[in-house]
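S.K.: Starting from the structure of chain A, add chain B where the hints point.
2 protein chains.
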Amino acid sequence: MTAEIIAIGDELLIGQTINTNAAWIGQECSKIGIRISRSIVVSDDELEILEAVDRALKDADLVLVTGGLGPTKDDITKHALCKYFNTKLVRDEATLKKIQTFFAQRNRPMLDANERQADLPESCTILPNKFGTAAGMWFEKGGSILVSMPGVPYEMKVIVTDELIPRIKERFTLQSIFHKTILTQGIGESFLAEQIFDWENKVRNAGLSLAYLPSPGMVKLRLTSNEGAFREKEIDSYFEELLDRFPEFIFGKENDTLPGVLHRMCIEHGLTMGTVESCTGGAIAQSIIGISGASQFFKGAFVTYANEIKTSLAGVNPESIEKYGAVSAEVAQEMVLGGLDQLEVDLCIATTGIMGPEGETENQQVGTVWVAIATKNTIQTKCFSFGDNRERNILMTVLSALNMARNVVNTNFIEKNKQ
Amino acid sequence: MTAEIIAIGDELLIGQTINTNAAWIGQECSKIGIRISRSIVVSDDELEILEAVDRALKDADLVLVTGGLGPTKDDITKHALCKYFNTKLVRDEATLKKIQTFFAQRNRPMLDANERQADLPESCTILPNKFGTAAGMWFEKGGSILVSMPGVPYEMKVIVTDELIPRIKERFTLQSIFHKTILTQGIGESFLAEQIFDWENKVRNAGLSLAYLPSPGMVKLRLTSNEGAFREKEIDSYFEELLDRFPEFIFGKENDTLPGVLHRMCIEHGLTMGTVESCTGGAIAQSIIGISGASQFFKGAFVTYANEIKTSLAGVNPESIEKYGAVSAEVAQEMVLGGLDQLEVDLCIATTGIMGPEGETENQQVGTVWVAIATKNTIQTKCFSFGDNRERNILMTVLSALNMARNVVNTNFIEKNKQ
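Respectively, the protein sequence lines represent chains A and B. Sequential numbering from 1 applies to the first sequence in the numbering used here. Sequential numbering from 1 applies to the second sequence in the numbering used here.
In isolation and in its complexed conformation, chain A is listed as follows (with noise of 0.2 Å):
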C-alpha cells in the first residue's frame, strides 16, 4: 500500500512553518507498512490543490491531506474537496454539539467562524476531531481514499491516531517494510563508515539496505528489509555486533534520546542527577525535564552564565577564573564539585564554553569547550572543538556531555555492579 502527503498552505512553502507533520505521518504509517512514495506541500490556491489531489488520487492508494481547515478566510480546502469530490457543504448536527462544548468546557465564547466549521462535504466521512474544532473528511474515489486533516499537529495526530489507522488496518492487509535504527554520538559519519566498511558489506550481501542518517552531533544507522519483520531478529544481530565494537558511540535504538536513555539509566540504578551550566544555559537540564518522570531523578541546576554567579553558586574560586579563564578544564572541574556538593547529587555535569559567534580569544578559539562529569569518587573532564554556529554549538555540547555521562554511569556504576 503506498501513500502520498498533500500538505497545504503557503505558510509552508515560503518557510514561516516547517512541514513537522509530514515526518510524523510518515512515521506512523511506516510503522504498519504503508510506504510513503511522495510528499508535496502545494499553496492555498484551489487550482493547484485540485491538480495535487487528482495527481496522487491516481499514483497512491492513501492522499493524505493537511491544512487549510481553520476558522479563518484563507482556510480553503473544504471547498476545494466539494469541488473535485462534487459535493456540498452540510451542517452536521454531531460536529456542531461537538464544537460547542469545546468551547463550554473552556469558558471561550463560540464565534461564527467556529460554527461554520460544523459544514461538511456530504458526501464524505466525518472524523471526529478530539481536540479541535476542524473535523478530518474521509473520501473515496476510484478505489483510493483521501483524507483531509487539520494542520494543527496535535489535532492532525489525534485524528490519525485514534480515527484514520484503526480504519486502515480494519480494511486492508498491510505487508510491511521493516526499519530499525541504532544511534550513535560522537562520531562522524565518514569515520564510521570506514569503520564499519566490513560489516556494512555484509548486511548489504544479506540483502538489507543501510541508510547513514546524520544530524548535528549524530548518526542514526537504519537497516531496513522489505521482506517485513520476520528478519528482525537477524537485524538485531547485526546491532549487537556494533554494539559490541562501539559501546561508548552507541547510545540506543529507534527513538531514544540521550536524555531519555540517561533518565532510565538513573531510576534504574538509584542515582539523582544535577547541572552547572555555563555555555549551554539550562538546555542539559532542560533537555532532562522535558521527559515526564524526571523529578525521581533530576534535583536542579544552576545556570551560572556571569562569572561572579560562578562564584556566588558554585564556589567556584575566582582566583581559578583570573588564572586558567573561565573556559578552562580548571574551572569546569570546581563548577562540577560545586554542583555535586550544593545539589547533593550522585552525578554533576557541567558545561563552559565560548559558543561564539563573539567571545574568541588571543588563545581560545570560538566553539571550545570544557565539559565535566562528576560522582562521588570520579571526576571526567574532556576539551571538544566545535565550530561557529552557536545554536550548533549548544546542540553539540549537549548531546556530547549526556554522551559523557551516560559512558560515566556505565562504567562507574553499572560495570561495578556486574562484578
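Just so you know, not all the hints are guaranteed correct.
Unchecked claim - Capping the alpha-carbon separation at 20 Å, the derived lysine to aspartate or glutamate pairs in DMTMM-like fashion look like this: (1) 130(A) x 119(A); (2) 58(B) x 189(A); (3) 78(A) x 189(B); (4) 130(B) x 92(B); (5) 58(B) x 119(A); (6) 130(B) x 59(A).
Unchecked claim - Have a look at the derived ranges for each label pair, beta carbon to beta carbon: (7) 240(A) x 382(B): 50 to 56 Å; (8) 363(B) x 122(A): 32 to 38 Å; (9) 246(B) x 358(A): 30 to 36 Å; (10) 126(A) x 295(B): 42 to 48 Å; (11) 89(B) x 254(A): 52 to 58 Å; (12) 268(A) x 246(B): 25 to 31 Å; (13) 88(B) x 89(A): 52 to 58 Å; (14) 296(B) x 172(A): 17 to 23 Å; (15) 97(A) x 387(B): 20 to 26 Å; (16) 246(B) x 126(A): 44 to 50 Å; (17) 89(A) x 363(B): 40 to 46 Å; (18) 153(A) x 230(B): 32 to 38 Å.
Hints listed in this document are in silico derivations from the structure and should not be mistaken for laboratory results. For every residue, glycine included, the Cβ atom is placed at its ideal position computed from N, Cα and C.
M.R.: Showing chain B alone in chain A's frame:
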C-alpha cells in the same frame, strides 16, 4: 520566477528527519521574489528522482534539489543527475584540493569516500561548499536551471547564500512578492480573528492578502502584496493600527522572537536578568542564552526542580510549600524574590507548574502553571491553564512568561522613562 524544491531521502519520507531545508529555502527565495510553486520529497530511488526532476524542470524556472550527496553508498543523487543530463563524473582537482584542506585543518584522516566526492558531473558548474565536502552543482536545460545541493542544512545554506542567490540575482530581474508579518502571544487564532474582523475586511478590500499562522502559544499575522515592496509603508500603517489596539499581545515582527525582543529591551534599558525555573527546567534561561550577546545582561538561573532545592537554593520557605503546594502563587512569588536577591538582577522570572502527563492532584489539573515576574519594586503573578501535552505546556509557559516579562519591562521601565 517560480521555483520547485525537490528533497531526496527516504529518511524524510519515513519521518526520521524533518525537512527543515525546504522551509529555509522558501524563506530565502521569498525574500528575493522567487515564488515557490511546489515542494516535494521523493525517495532515494533513481527512477523517482528522474521523474521528479523531469516534471519540475518542465513546470518551474528553477529547481532546487537537496540531499543524497553524502560520501556513503546510499547517496545516489549525483549518479541520477549524470544520467538525466547525459554526462559523466570527472575528478575536479579544485574540489579535491578543498576536501584535502578541509580534512587537514581538522586533523582528521581523509578517506577514499571523501576523495570520491571530488568526482563531479562534467557538464555542471560547480558551486563550492565552504563547510563540507559535497559540492553544489548547477545544471541548465531547456531554459530552466537545476541546482543540486547537500542535505546537511548548514552546508546547503552556505551554498544558497554564497553561490546560488548571487548568480540568480546577476542573471534575472525579479519581481517581488512582498510579505510582512507581525507576531502575537497570548491570544488564540479565532478570538484574534473576531477582534480584528473590521481591520481584516479593510486590508482585504485594499487588495492585500492576510494569513493567520498559528503555532503553540503564538499567532503570526502575515500581509502579502503581489505588487512588490512599494506598498510597504501602507502595510506598516495597517500593522501600527493593530499595535495600538493590542500592545500586550503584539511582541514583534518578521523573525523576531520573544527572547530576542527581551534581549534588546534589557540591553537598551541597562537591565540585568535571571530566572528561577521549576516546571520549565531551564528552558527560559536557555532561550535567552541561545542568542549571542546574552552575557551582557543575563546573569544566571536556578533550576529548582526538587522541592528541597527550591528551599536550599531559592530560599523558599518549606512551610509555604507545605501550606499552599509547590504550584501556587505564594511559592512562585518566593521563588522569584529569592532569584532577584541571590542572582542580584533587576528582573527575574519564576515558573512552577504541573507539566504532565503525570502529576495531577485533587486540587490541580495537569497544565496548571504559575508564573511570577519581579523587579525591585513590583511583583506580578499569573496563573495559566494549559493542556495535557508536556512539551507543549513547557513551550507555552516559556512564551507566556517571556511575554509577561516584556510587558513588565514596558510598564515599569519604558513607560516610566517616557514620562
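S.K.: If a hint holds in the structure, say so; if it does not, say that too.
M.R.: Hint check results:
no. : hint                        : verdict
1   : 130(A) x 119(A)             : holds (17 Å)
2   : 58(B) x 189(A)              : violated (35 Å)
3   : 78(A) x 189(B)              : holds (19 Å)
4   : 130(B) x 92(B)              : holds (16 Å)
5   : 58(B) x 119(A)              : violated (39 Å)
6   : 130(B) x 59(A)              : violated (40 Å)
7   : 240(A) x 382(B): 50 to 56 Å : holds (52 Å)
8   : 363(B) x 122(A): 32 to 38 Å : violated (47 Å)
9   : 246(B) x 358(A): 30 to 36 Å : holds (35 Å)
10  : 126(A) x 295(B): 42 to 48 Å : violated (54 Å)
11  : 89(B) x 254(A): 52 to 58 Å  : violated (36 Å)
12  : 268(A) x 246(B): 25 to 31 Å : violated (50 Å)
13  : 88(B) x 89(A): 52 to 58 Å   : holds (57 Å)
14  : 296(B) x 172(A): 17 to 23 Å : violated (59 Å)
15  : 97(A) x 387(B): 20 to 26 Å  : holds (21 Å)
16  : 246(B) x 126(A): 44 to 50 Å : violated (35 Å)
17  : 89(A) x 363(B): 40 to 46 Å  : holds (44 Å)
18  : 153(A) x 230(B): 32 to 38 Å : holds (37 Å)
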